[in-house]
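Fit chain B to the supplied structure of chain A, relying on the hints for placement.
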Amino acid sequence: AQSVSQHNHHVILSEAASLELGCNYSYGGTVNLFWYVQYPGQHLQLLLKYFSGDPLVKGIKGFEAEFIKSKFSFNLRKPSVQWSDTAEYFCAVNKGAGNMLTFGGGTRLMVKP
Amino acid sequence: DAGVIQSPRHEVTEMGQEVTLRCKPISGHDYLFWYRQTMMRGLELLIYFNNNVPIDDSGMPEDRFSAKMPNASFSTLKIQPSEPRDSAVYFCASSLAGVGNTEAFFGQGTRLTVV
Chain A
2 AQSVSQHNHH
12 VILSEAASLE
22 LGCNYSYGGT
32 VNLFWYVQYP
42 GQHLQLLLKY
52 FSGDPLVKGI
62 KGFEAEFIKS
72 KFSFNLRKPS
82 VQWSDTAEYF
92 CAVNKGAGNM
102 LTFGGGTRLM
112 VKP
Chain B
4 DAGVIQSPRH
14 EVTEMGQEVT
24 LRCKPISGHD
34 YLFWYRQTMM
44 RGLELLIYFN
54 NNVPIDDSGM
64 PEDRFSAKMP
74 NASFSTLKIQ
84 PSEPRDSAVY
94 FCASSLAGVG
104 NTEAFFGQGT
114 RLTVV
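First to last, the protein sequences are chains A and B. Taking the working numbering, the leading residue of the first sequence gets 2, the next gets one more, and so forth. Taking the working numbering, the leading residue of the second sequence gets 4, the next gets one more, and so forth.
If you are wondering where the hints come from, they were derived from the structure by calculation, not from laboratory data. Model, not experiment: these values are computed from the prediction. Every residue gets a Cβ at the ideal spot worked out from N, C-alpha and C, and that includes glycine. Just so you know, not all the hints are guaranteed correct.
A short, non-exhaustive set of chain A residues, derived as facing chain B with CB atoms under 10 Å [what the hints assert, rightly or not]:
| hint | residue |
| --- | --- |
| 1 | F35 |
| 2 | Y37 |
| 3 | Q39 |
| 4 | Q43 |
| 5 | H44 |
| 6 | L45 |
| 7 | L47 |
| 8 | K50 |
| 9 | T87 |
| 10 | F91 |
| 11 | A93 |
| 12 | L102 |
| 13 | T103 |
| 14 | F104 |
| 15 | G105 |
Looking at chain A on its own, in the form it has when it is part of the complex:
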């Protein structure tokens, strides 16, 4: 069965620190990859997505993610976090059929001002 693993459940950073959140998936075929963000009390919003092409994907608010096929990974990065990045981040995988997304367990990020 397809699964998505986010190894960091909680991350606490100070403002201006660099961020990297890990995401690994188990499906071996062609996949579409996503990172969603959920700000406190709000719904999930798309940060970025990878379908094909350049494995380094740039998203909104200065976030980027790199798809490394050999490692089955799609890690999220941001060079300098802000207090407003405090949120929960979800990695998701779609294996290209049926539009069904499988989500990782999420990573709660707290950025201290």
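For chain B alone, coordinates are given in the frame of chain A:
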């Protein structure tokens, strides 16, 4: 488009009562998903529809849960009877089929509390 619209935003009900959650997907989207979010289990897919037809309901926890999509612009998720362990945030999402169109758009969610 106003996005995916869910109602109510909050629902508090007593154990044993019937609860109905509603969702209006984005116009033109042909996939609709119901997710449940809890602290313990994270985001779980309950059921999804394609062109109003249920495709995969393997995530529906029990027979107490049922979902319908009578037309392309409306879906319901019903819990009867409700139990305290059903307390969660329920999200509806929709997407448009096609290569490269697998982004799902989420509603604001319904926070359900069963007391």
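These are the hints, each one checked on the structure:
Proximity of F35 of chain A to chain B holds as hinted, the smallest CB-CB distance being about 7 Å (cut-off 10 Å). Taking 10 Å as the C-beta cut-off, the interface hint given for Y37 of chain A holds, the closest approach to chain B being about 8 Å. Satisfaction of the interface hint for Q39 of chain A is found here, the shortest Cβ-Cβ separation to chain B being roughly 9 Å, below the 10 Å cut-off. Below 10 Å, beta-carbon pairs count as interface contacts, and Q43 of chain A has one with chain B at about 7 Å; its hint therefore holds.
With a cut of 10 Å, the hint placing H44 of chain A at the interface with chain B holds, because the nearest CB-to-CB distance is about 4 Å. Interface restraint check for L45 of chain A: the shortest CB-CB distance to chain B comes to about 4 Å, inside 10 Å, so the restraint holds. For L47 of chain A, the shortest C-beta to C-beta distance to chain B is roughly 6 Å, which falls under 10 Å, so the interface hint holds. Nearest Cβ of chain B to the Cβ of K50 of chain A: about 6 Å, under the 10 Å cut. The hint holds.
With a least beta-carbon distance of about 17 Å to chain B, the hint placing T87 of chain A at the interface is violated under the 10 Å criterion. Below 10 Å, beta-carbon pairs count as interface contacts, and F91 of chain A has one with chain B at about 7 Å; its hint therefore holds. Annotation: A93 of chain A was flagged as interfacial toward chain B, and the flag holds, the nearest CB pair being 8 Å apart, inside 10 Å. For L102 of chain A, the interface hint holds, the least distance from its beta-carbon to any beta-carbon of chain B being 6 Å, beneath 10 Å.
At about 7 Å, the closest approach between the beta carbon of T103 of chain A and any beta carbon in chain B falls short of 10 Å, and the interface hint on this residue holds. Of the supplied interface hints, the one on F104 of chain A holds, with its beta-carbon coming within about 4 Å of a beta-carbon of chain B, less than 10 Å. Against a cut-off of 10 Å between C-beta atoms, the interface hint on G105 of chain A holds, since the closest Cβ of chain B lies about 8 Å away.
Checked against the numbered hints above, the structure breaks only hint 9 and satisfies the rest.
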